[in-house]
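Protein chains in written order, with our numbering: chain A, 1 to 253; chain B, 1001 to 1485.
The set of hints was computed from the structure by calculation and includes no laboratory data.
C-beta atoms are modelled at their ideal positions from N, C-alpha and C, and glycine is treated no differently.
Please note: incorrect hints may appear among the correct ones.
[Said to hold, decoys possible] Looking from chain A toward chain B, a few residues come up when the C-beta cut is under 10 Å (computed):
hint	residue
1	7
2	11
3	14
4	87
5	95
[As the list claims (entries may be wrong)] Keeping only pairs whose Cα atoms sit at most 27 Å apart, straight-line, the calculated DSS-like set for lysine-lysine is:
hint	chain 1	residue 1	chain 2	residue 2
6	B	1139	B	1109
7	A	17	B	1067
8	A	17	B	1139
9	A	17	B	1107
10	B	1139	A	166
11	B	1167	A	17
12	A	166	B	1067
13	B	1067	A	251
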Amino acid sequence: MLHFISDTRYLFFKYLKLTWRMPMWTFFGLIQPLLWLLIFGQLFKGFSELPQFPTGDYVQFLAPGVIVMTVLFGASWSGVSLLRDLRHGVMEKLLVAPIVRSSIVLSRLLHNAFTVLVQVFLLILVSAVIGAGMPAGQGFFWVWVVVLLLAIGFSAISNALAMFLKQEEPLVVMGNMLTLPLLFFSSALVPEDFMPDWMRLISRINPVTYGVEAVRACYQGVFLQPFWMSLGILSVFALLAFMAAIMTFQKAE
Amino acid sequence: MIQIDHLIKEFEGGVRAVDDISLHVQAGEVFGFLGPNGAGKTTTIKILTTLLRPTSGTVTVAGHDVKKDPLAVRMSFGYIGQQSGVDPALTVSENMLLQGRLYHLPKKKIEERMKILLGLFDMSGREGQWVGSLSGGLKRRLDIATALIHEPGLLFLDEPTIGLDPKSRADMWAYLRRLNQDEGMTLFLTTHYLDEVDQLAHRVGILDSGRIRVIGTPDELKDSLGEDAIHLTFDEAVGTETLAAFRKKEWFKEVIQESEALRLYLENGRTYLPKVMQWLETLGLSAKSVLLTRPTFDDVYLKYTGKNWMLADESAEDEWGSWGGSKNNKWAKKWQKGGDTDAEGGDEAWKKWGGQARGNGLGASKAPEKLASNPSEDGVEAGSADDSGNGQDQPWKKWGEQAAQGGWSEGKAAETQPEAHPPKEKAESSESEDKDEAGDAQDQPWKKWEGQANSDWSSKDKSTEGGDPPSRWPSGESSDKDRKE
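Throw the hints in and build the complete structure from the sequences for me.
The structure is reproduced here in structure tokens:
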């Protein structure tokens, strides 16, 4: 167990060092969510004037959605760096070292979650400037928990896909193919009440929905039963995805 | 150090990559696994390094079972994979530090080892350099240094010199030899370069389609064929009766037919060559080309697998693969054509061979005029000349190099010209060089146990490989038997 913690820590710092040396990528990852926030936010400004719309301003509604989108986009790239390690033989060398597979996986997920947290932090600042407000009260703590769980879940899926597909092109295609529908079939851009029934059904089994709702609760500072349920569902999702990723690593054994 | 008993690895879909391998490697030994791509070398090494699980059989590495105690096994060896394995985005020292940490060494110990290892591999002063900026050879050296950070007694190398230039390969061999001789490290390497096992390994296992065909010392394997080889090429394959006559002839230790070509293995080929030529006439045969050489691993490989090395190796499966002269290839056909219409054609063909043995490559010597006039074949010629320029990875090139290094090839290549008598000095000097090598070898500790031919493990190995010791395979009969297996 002691080795598990120290191995995970050394690997985590290694990946962090790699990111630190190319910080630009972390910022590039922010460009797309910012565009959504600024352009989409402006484009659908009038949306909030509809009678059933939950918040007064569309940007206030959109910001939590874009935060989750950042996590989704950031995490879906995680597998690409795994393929880089595989190609250079770095992964093979890790696999023959006397460390358990789960510490390799966990260090990767934590590293990815960390970079996503940095991105989200910057995004919260920017959206506050354009009038989306800030997480309120306890929300300032819980929003990080929610982002962490989402990031671990989705980067675990990306890593598992990478280990399964073994090639970059299909991985990127799969990533793009999955992220946008996940976003549209959630309440990230549009309130659930506006969706047709069949769409709402899909959005109920979509972890992105729970992520968006939890972040929204953090912004509103309202921590009632739906929030805790979302948090629970996200925890289960992250755990399952983590286990799936470890399984693909062990299968490669 | 390594004990493999009846190892079988079956992949999904029932493909048997490794089919009942048994093998014991002693501490301090350099064992080479030789075989073409797809023979099962990498699968075996992946099982030994716990990257793959065996389907059945027992595998023990440094006293630990790979199935029951993979973590202990991983602690006991260093591993050099086919790809580099060091992270190009980190510096040399960062790579080594991380590796040491993952083997749970304290920082002080890692720094101590790093100093020693970088010194050993002539990389002192490069600690702060980016790995991405290192040359291929240096990267490979760093690879090995990194793999040795936890002082393992055993090192696995999966095709360690693949993709390296000739100089870096020779350097790598020197480092590996030093590791074995000075540090007493056990090396287990796979390769598809014939010269690599010849240079490095104490014992060689030839692997083909997941089975070990033979195990022995490089010399034993080569000696099983006699000291010389005569390659004859005819216009068409000789009939079975003629072949039987060759096999019966007491001169030859081994006769292998390969479509139009015959390979005869014998002692003292120089004195027998004229007799063989005369005897050919009495049989009513006229050879299109004659080549007298020393048997190489190419011949050994052919003997034990019944396959031409060049053809078996997919990386050489272009027109060069035809080199040995099989039916469906351009070169063989060209030579055949040349021989049919032009008496000089045969000579030209072997001159090319000679050129190749000297490492010049085929492109360097002139093609027969007849062929050069054919535009389509011209294209082929030009293409292959290019290949000879940059084809570092092509086995024949290495072979040529090795031949040049060995010192015998030039002498022998000259001898192959039937009308020219062998230059005596050259032949003698090559012999004395061979002796020197043997002398060196006696200083090595492994030579001692290798000499104990009757000790348990060596005889056991050989018997499990389904045959007698190589020296007892003199005749064609046993080679028939081998091939049936």
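Verification of the hints:
Residue-level restraint check for residue 7 of chain A holds (minimum Cβ-Cβ distance to chain B is 6 Å; threshold 10 Å). With a cut of 10 Å, the hint placing residue 11 of chain A at the interface with chain B holds, because the nearest CB-to-CB distance is about 8 Å. Checking residue 14 of chain A against chain B by beta carbon gives a least distance of about 6 Å; that is within 10 Å, so the hint holds. Here the hint on residue 87 of chain A is kept, as its CB sits about 7 Å from the closest CB of chain B, short of 10 Å.
Look at residue 95 of chain A: its Cβ gets to within about 6 Å of chain B, closer than 10 Å, so that hint holds up. Of the supplied pair hints, the one linking residue 1139 of chain B and residue 1109 of chain B holds, its CA atoms being roughly 23 Å apart against a limit of 27 Å. At roughly 35 Å between alpha-carbon atoms, residue 17 of chain A and residue 1067 of chain B are farther apart than 27 Å, so this suggested pair is violated. This hinted pair checks out: residue 17 of chain A and residue 1139 of chain B have alpha carbons roughly 21 Å apart, not beyond 27 Å.
Between the alpha carbons of residue 17 of chain A and residue 1107 of chain B the distance comes to roughly 18 Å, so the proposed pair stays at or under 27 Å and holds. At most 27 Å may separate the alpha-carbon atoms for a hinted pair to count; residue 1139 of chain B and residue 166 of chain A meet this at roughly 24 Å. For the suggested pair residue 1167 of chain B and residue 17 of chain A, the alpha carbons sit about 34 Å apart, so the restraint of at most 27 Å is broken. Of the supplied pair hints, the one linking residue 166 of chain A and residue 1067 of chain B holds, its CA atoms being roughly 26 Å apart against a limit of 27 Å.
Pair hint residue 1067 of chain B plus residue 251 of chain A holds up; C-alpha atoms about 15 Å apart against a cutoff of 27 Å.
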